[in-house]
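**Q** Spelled out, the chains give:
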Amino acid sequence: MHNLVYVLLRRIHVPLIVLVCVYAISILGFALIPGMDDKGNPWDMGFFHAFYFVSFMGTTIGFGEIPYPFTDAQRLWATVSIYATVFAWLYGIGAALSLLQDPAFQSTLRVNAFRRAVNLITEPFYLVCGYGDTGSTLVRALSEAGYRSVVIEIDQSRIIALELEDLGMPVPGLCADAAEPKILVMGGLNRPNCVGVIALTNVDAVNLNVAITAKLLRPRVATIARAESHSVEANMLSFGTDQVLNPFDTFAGRLALALHSPGMFLLYEWMTAVPHEPLREPLFPPHGRWVLCGYGRFGKAVYEKLIAEGVQVTVIEAMPEITNAPPGTISGSGAEASTLIEAGIKSAVGIVAGTDNDANNLSIIMTAHELKPSLFMVARQNQHQNSITFKAAKLDLTMKRGTVIANKIFALTSTPLLADFLQAAWRNSNEWANQLVSRIGGISGDEVPQTWTIEITPAASPALYAGIARGRRACIGDLCRDPRNRDECLPCIALMIKREDTVILLPENEELLRRGDHILLCGHFGAAQQMEWIARNHNVFDYLYSGEERASGSVWRWLTREKNQPPVSTPKP
Amino acid sequence: MNLEKVIFAFFIVLALTLNFGFFVGSIDNPVHHSVYELFAAIVVSLIATILKFGDRTHLGAVLLATSLVADLQLITAAVVWAVTEHVTHVGLTPHIMAIIVSLSGGALLANITSVILLVAETIAVRR
Numbered sequence: 001m002h003n004l005v006y007v008l009l010r011r012i013h014v015p016l017i018v019l020v021c022v023y024a025i026s027i028l029g030f031a032l033i034p035g036m037d038d039k040g041n042p043w044d045m046g047f048f049h050a051f052y053f054v055s056f057m058g059t060t061i062g063f064g065e066i067p068y069p070f071t072d073a074q075r076l077w078a079t080v081s082i083y084a085t086v087f088a089w090l091y092g093i094g095a096a097l098s099l100l101q102d103p104a105f106q107s108t109l110r111v112n113a114f115r116r117a118v119n120l121i122t123e124p125f126y127l128v129c130g131y132g133d134t135g136s137t138l139v140r141a142l143s144e145a146g147y148r149s150v151v152i153e154i155d156q157s158r159i160i161a162l163e164l165e166d167l168g169m170p171v172p173g174l175c176a177d178a179a180e181p182k183i184l185v186m187g188g189l190n191r192p193n194c195v196g197v198i199a200l201t202n203v204d205a206v207n208l209n210v211a212i213t214a215k216l217l218r219p220r221v222a223t224i225a226r227a228e229s230h231s232v233e234a235n236m237l238s239f240g241t242d243q244v245l246n247p248f249d250t251f252a253g254r255l256a257l258a259l260h261s262p263g264m265f266l267l268y269e270w271m272t273a274v275p276h277e278p279l280r281e282p283l284f285p286p287h288g289r290w291v292l293c294g295y296g297r298f299g300k301a302v303y304e305k306l307i308a309e310g311v312q313v314t315v316i317e318a319m320p321e322i323t324n325a326p327p328g329t330i331s332g333s334g335a336e337a338s339t340l341i342e343a344g345i346k347s348a349v350g351i352v353a354g355t356d357n358d359a360n361n362l363s364i365i366m367t368a369h370e371l372k373p374s375l376f377m378v379a380r381q382n383q384h385q386n387s388i389t390f391k392a393a394k395l396d397l398t399m400k401r402g403t404v405i406a407n408k409i410f411a412l413t414s415t416p417l418l419a420d421f422l423q424a425a426w427r428n429s430n431e432w433a434n435q436l437v438s439r440i441g442g443i444s445g446d447e448v449p450q451t452w453t454i455e456i457t458p459a460a461s462p463a464l465y466a467g468i469a470r471g472r473r474a475c476i477g478d479l480c481r482d483p484r485n486r487d488e489c490l491p492c493i494a495l496m497i498k499r500e501d502t503v504i505l506l507p508e509n510e511e512l513l514r515r516g517d518h519i520l521l522c523g524h525f526g527a528a529q530q531m532e533w534i535a536r537n538h539n540v541f542d543y544l545y546s547g548e549e550r551a552s553g554s555v556w557r558w559l560t561r562e563k564n565q566p567p568v569s570t571p572k573p
Numbered sequence: 001m002n003l004e005k006v007i008f009a010f011f012i013v014l015a016l017t018l019n020f021g022f023f024v025g026s027i028d029n030p031v032h033h034s035v036y037e038l039f040a041a042i043v044v045s046l047i048a049t050i051l052k053f054g055d056r057t058h059l060g061a062v063l064l065a066t067s068l069v070a071d072l073q074l075i076t077a078a079v080v081w082a083v084t085e086h087v088t089h090v091g092l093t094p095h096i097m098a099i100i101v102s103l104s105g106g107a108l109l110a111n112i113t114s115v116i117l118l119v120a121e122t123i124a125v126r127r
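Chains as they are written, first to last, in my numbering: chain G, 1 to 573; chain S, 1 to 127.
Don't read these hints as lab results, they were simulated from the structure. Treat the numbers as computed from the prediction; the structure is a model and nothing was measured. Please note that the accuracy of each hint is not assured.
To be verified - Listed next, the in silico SDA-like pairs over lysine to any residue satisfying Cα-Cα at most 20 Å (straight line):
| id | chain 1 | residue 1 | chain 2 | residue 2 |
| --- | --- | --- | --- | --- |
| 1 | S | K5 | G | V14 |
| 2 | S | K5 | G | R11 |
| 3 | G | K498 | G | D482 |
Said to hold, decoys possible - Some chain G residues well away from chain S (every beta-carbon gap over 12 Å; in silico):
| id | residue |
| --- | --- |
| 4 | H13 |
| 5 | Y91 |
| 6 | D177 |
| 7 | V185 |
| 8 | L283 |
| 9 | N324 |
| 10 | D358 |
| 11 | P462 |
What the hints assert, rightly or not - Reference listing, derived: stretches of chain S covered by chain G, where coverage requires no fewer than 3 residues with Cβ under 8 Å from a Cβ of chain G:
| id | segment |
| --- | --- |
| 12 | 17-23 |
| 13 | 70-78 |
| 14 | 101-109 |
Beta carbons are placed, not taken as given, at the ideal position from N, Cα and C, and that holds for glycine.
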């Protein structure tokens, strides 16, 4: 704030001095010029009357000649003074107004507003650097899930987009270079309620800077960074960045997963979806030869993944020599029918339009569709704003890079246990995933399932913890009982128990809970809130566990103690 | 030579000299103290204050403070003068004159402090 005052004061030096000088000269003139009183005697105005007269003359001009009518000499001086003071005021006010519109002053104002907004956040928040496609999707998802975030973005137009976005909760944004540690500190990095730093800018060097700054200043804060090159990725991991995402690898890996094991793909998509997204239909991609258009960084990653999966791929690339395309690559953009026919589109089962130009991708898809309507069509969507046209193209699969990365980060930040689960799930077959997906689909309704974690600790779930500590043999099945009627089940599935270093994937209903367990669940929206009851309310826990209502008052509990005492005190055989 | 420094030092020293000029003389004798000199001292002191605005250094802050003290003292002296002349019509009795001159004496001390700080800063700069 004081910054602002200094800028203001420094800029109005000259107008103020001009004003003081003009007033001084005018006052001095009136004090010196001899006057005449109403009886014609010589009369000196003096400084007191001179100051009074000049004060109102400068601002109003119209109280008349006070206290006695002026002599001609005084009128002459008054005329000069009127012009001088009016101009001095105009100059002063004009300078003050132009200062308010000054870009430097405005940016100081904005920085101050941003700093105030960050300081006002009392809840835990994430510091998101970069508000492109990925950043905006992530911030929206975080806001919808009730997490606060702060945005730093170098492009002013994206900050304006952030201000116009209706996110449901204030998200302070600053147009600045996130590579500067000072800016990160301004964004609240040093505040105790900053729980994570997410670096998503387009420039690897900036992301690296953000990650290292965060790790040095706040070693315990979660750091997630995006890295396009493998060397930067390794560099980031070397100093302990919690998660490094390579957009091309992640994205290509997801695409390969979709083609190779659609069940697993669906599981990944659902688990990492943004809340309230509609449930995506399962895909059944055909087996056979695929045509891949575009061999850039994305194309290369897709090619490697597909070849690793044992899928036959024909590549079409406009500049095969420069991009070091594999042998057998067809030269051309892929948007013309001749190139596609040359690549054997008639005998292929699917096409992946993976260039970095959305118009080209759509054109490739349209041409290929005309040549062979039964093709399985996959396109890469680069720009968020092209969603309408991609939807109209009726693609089998649209890969939105920003969304894939943003969803993954969202899942990692909101449910850290999910990373362990997905890693464990990866080792299972596609059939296993298919079964799980159909189970989840049965309970989650039209929207993607919600995932949440129950921790059996005294702080997170006091009732459950105390119950287990007393020797109650609560199991997963008890946890999933409906608090309104214990014979019914909540629409949820226990995905995983993390017990110290071991992981139990899809635990049975009879699996006993232990103190310190972390349980990952997924289910219909609202089931998580119901589950809070058994975790936190002692009476609900007793009811769900034994079917008996526990006496809630101390007196009644004392009266019924005889009945309840034996099972509690009896040691287990 | 830095023009800004010249102007800055000029006004600070001028504020002191004018203030001193008003102050010297018998403390209760109105003949020894010119109202024009007081007026000039106030105007120069105000300009010196404005020139000190916006300096973020510690020294700048202290300079601004001394200047504000000088302004306050001088303006109080002027108000006392105006009130006795025009409001209460007591006139410049030796008692009133002593009040006005002693107020300006206080301002003189503040202005001396300003100049001392200015000299100290100037000596510290070796170029």
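**Q** If we take the beta carbon of G/N324, is the closest beta carbon in chain S still more than 12 Å away?
**A** holds (56 Å)
**Q** Under the criterion that the straight-line Cα-Cα distance not exceed 20 Å, is the pair S/K5, G/R11 satisfied?
**A** holds (17 Å)
**Q** Is the hinted pair S/K5 and G/V14 satisfied, with a Cα-Cα distance of at most 20 Å?
**A** holds (15 Å)
**Q** Please work out if G/K498 and G/D482 have their alpha carbons no farther apart than 20 Å.
**A** violated (23 Å)
**Q** Decide, holds or violated, for the assertion that all CB atoms of chain S are farther than 12 Å from the CB of G/H13.
**A** violated (6 Å)
**Q** Please verify the coverage claim for the segment 70-78 of chain S: does it have three or more residues whose C-beta sits within 8 Å of some C-beta in chain G?
**A** violated (count 1)
**Q** Given that the segment 17-23 of chain S was listed as covered by chain G, double-check it with a C-beta distance under 8 Å for 3 or more residues.
**A** Since three or more residues must qualify, the claim that chain G covers the segment 17-23 of chain S is violated, with 0 doing so at under 8 Å.
**Q** Against chain S, does G/D358 keep a CB gap of more than 12 Å to every residue?
**A** holds (50 Å)
**Q** In terms of Cβ atoms, is chain S entirely out of 12 Å range of G/L283?
**A** The claim holds: G/L283 sits with its nearest Cβ about 63 Å from chain S, beyond 12 Å.
**Q** In terms of beta carbon proximity below 8 Å, does the segment 101-109 of chain S have 3 or more residues touching chain G?
**A** Since 0 is below three, the answer is violated.
**Q** Taking the closest pair, is the beta carbon of G/V185 still more than 12 Å from chain S?
**A** Answer for G/V185: holds, closest chain S Cβ roughly 20 Å.
**Q** Beyond 12 Å on every Cβ pair: is that true for G/Y91 relative to chain S?
**A** holds (14 Å)
The structure shown violates the earlier hints numbered 3, 4, 12, 13, 14.
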